[in-house]
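Can you make the complete structure from the sequences, with help from the hints?
Residue numbers (the working numbering), protein chains in the order written: chain A, 1 to 115; chain B, 116 to 227.
Keep in mind that the hints were calculated from the coordinates and are not lab data.
Some hints here could point you the wrong way.
To be verified - Calculated pairs, DSSO-like style, for lysine-lysine (alpha carbon to alpha carbon, straight line, at most 27 Å):
no.: 1; chain 1: A; residue 1: Lys71; chain 2: A; residue 2: Lys96
no.: 2; chain 1: B; residue 1: Lys173; chain 2: A; residue 2: Lys96
no.: 3; chain 1: A; residue 1: Lys71; chain 2: A; residue 2: Lys57
no.: 4; chain 1: B; residue 1: Lys164; chain 2: A; residue 2: Lys57
no.: 5; chain 1: B; residue 1: Lys164; chain 2: A; residue 2: Lys96
no.: 6; chain 1: B; residue 1: Lys173; chain 2: B; residue 2: Lys184
no.: 7; chain 1: B; residue 1: Lys192; chain 2: B; residue 2: Lys226
no.: 8; chain 1: B; residue 1: Lys192; chain 2: B; residue 2: Lys173
no.: 9; chain 1: B; residue 1: Lys164; chain 2: B; residue 2: Lys137
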Amino acid sequence: DTGVSQNPRHKITKRGQNVTFRCDPISEHNRLYWYRQTLGQGPEFLTYFQNEAQLEKSRLLSDRFSAERPKGSFSTLEIQRTEQGDSAMYLCASSKYLTAPGELFFGEGSRLTVL
Amino acid sequence: AQSVAQPEDQVNVAEGNPLTVKCTYSVSGNPYLFWYVQYPNRGLQFLLKYITGDNLVKGSYGFEAEFNKSQTSFHLKKPSALVSDSALYFCAASSNTGKLIFGQGTTLQVKP
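In structure tokens:
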């Protein structure tokens, strides 16, 4: 069990550029979640997948954001035409959902800085 | 709408003293409640959860939490604080979708 892995850990980009983050969940976990965390705030839910199906998206997830989990394993979060307000820590988490919600296991996050 | 509130931005306690970090929730249906801890430059770590059953839940590192349905609270407690407990603590609630809604966090500062 290597835990949840996120790459890159840090990304600095210029406004208007596209960025993509990758998340590799714990292998047997069927659910994968994306959150965004800004300084001094709790994580805010963005979207989640059960296997390859994207089951819910937050209203925070504008049309510049897209997430995929094509084979039900790793996931990518792409932000197009980045804005300075997108600067945040993007967190990925996975869980094994059985008959009731279980704990989420978080990666260390991908920090995005938009200049 | 579901929400979680942590009314204290920071809690200060002396080492060896008991600590309490407060949390209240608003969730439709049966709540599933969690506490997570975040150390600097580290990912969120699960501490404990309440799903059903005993209102006093025991978790990692000697922490426990008390579920109070009438007060819609889930306060985190520890009988004797350690300096190494200093960190950012998040309360979270989930409906049966598994999606967690987090509070804004409480910084715990334990002084020697």
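List of violated hint numbers, smallest to largest: No hint contradicted; all consistent.
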